[in-house]
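**Student:** First to last, the sequence lines map onto chains A and B. Taking the UniProt record's numbering, the leading residue of the first sequence gets 1, the next gets one more, and so forth. Taking the UniProt record's numbering, the leading residue of the second sequence gets 1, the next gets one more, and so forth.
Hints in this document: simulated from the structure, not taken from any laboratory. Here a beta-carbon is modelled for each residue, glycine too, at the ideal position from N, C-alpha and C.
Under the rule of at most 20 Å between Cα atoms (straight-line distance), these lysine to any residue pairs were calculated in the SDA-like manner:
id, chain 1, residue 1, chain 2, residue 2
1, B, Lys96, A, Gly82
2, B, Lys96, A, Thr28
3, B, Lys96, A, Asp30
4, B, Lys41, A, Leu17
5, B, Lys41, B, Ile14
6, B, Lys41, A, Thr39
What follows is a set of in silico ranges between Cβ atoms, one per label pair, in the way DEER data are often shown:
id, chain 1, residue 1, chain 2, residue 2, range
7, B, Lys119, A, Asn5, 55 to 61 Å
8, A, Val61, B, Ala120, 47 to 53 Å
9, A, Arg24, B, Asp108, 23 to 29 Å
10, A, Asp60, B, His113, 40 to 46 Å
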Amino acid sequence: MIGINIYLALIAIATLLSMYRVFRGPTTVDRLVAVDIMTTITAGLMVLFALYYQRMIFLDVALVYAILAFGGVIAFARYMEGGL
Amino acid sequence: MNALAAVGEALVLIGTFFYFLSALGLIRMPDVYNRMQTATKSATLGSLGVIVGVGIWALGTDFGSAAWLTKTIVIAVFLLLTNPISAHALIRAAYKSGIPLWEGSVMDKYREHMEAKAKAAEAPEVETPEETPKEGGEE
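Let the hints inform the model, and build the full structure from the sequences given.
**Tutor:** This is the structure we're talking about:
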């Protein structure tokens with residue numbers, strides 16, 4: 001359980017790097033790609049929180065979050081393509 | 001610490017390292033197509049490592065049960081199936097909305113495919129010898 005702080009720090013660094021791409025990105029699709037990666041990282045982070053707090057309910061939260069993020073990214077991609 | 005917890009912790013370490021590499025590729029790559037390439041593959045592998053690793057790690061602790069491993073495998077399979085679909089939709093939207101490729105790119109297979117299809121649709125009567133029926137069909 002000591003090492004979980006190292007994993008949380010690595011995930012925090014990865015989130016900050018992709019946050020840089022969200023603010024900096026030259027086009028809209030760059031920002032969307034960065035947000036897609038951030039949602040994937042957040043699903044893994046919620047699974048780690050389930051282990052950290054010893055609550056299994058966070059696994060359900062992670063599953064629902066992954067489903068909603070997938071739907072949102074598909075909707076944004078259709079909107080960029082001009083089909084929505 | 002028993003063996004299951006050690007195996008799970010090693011998987012979680014590998015997964016978070018791949019998360020870090022994926023975000024680094026998001027910074028370092030030159031255009032949106034290369035960024036999507038590096039980000040999708042390593043982020044999918046990283047989430048597989050983290051999520052299945054947490055499931056195995058929880059089996060080795062005193063509060064864990066087999067339901068942890070089942071739920072984490074369900075989440076991992078869902079992410080493994082849906083990450084390529086969202087990446088494909090995003091890159092298709094980027095290409096259709098006219099974002100140019102990096103100037104160092106040497107190949108554009110999708111444009112060649114579209115040009116070949118447009119050429120085939122433009123002159124259909126030149127090269128369709130298969131549509132002439134074979135003489136003496138079914139009689």
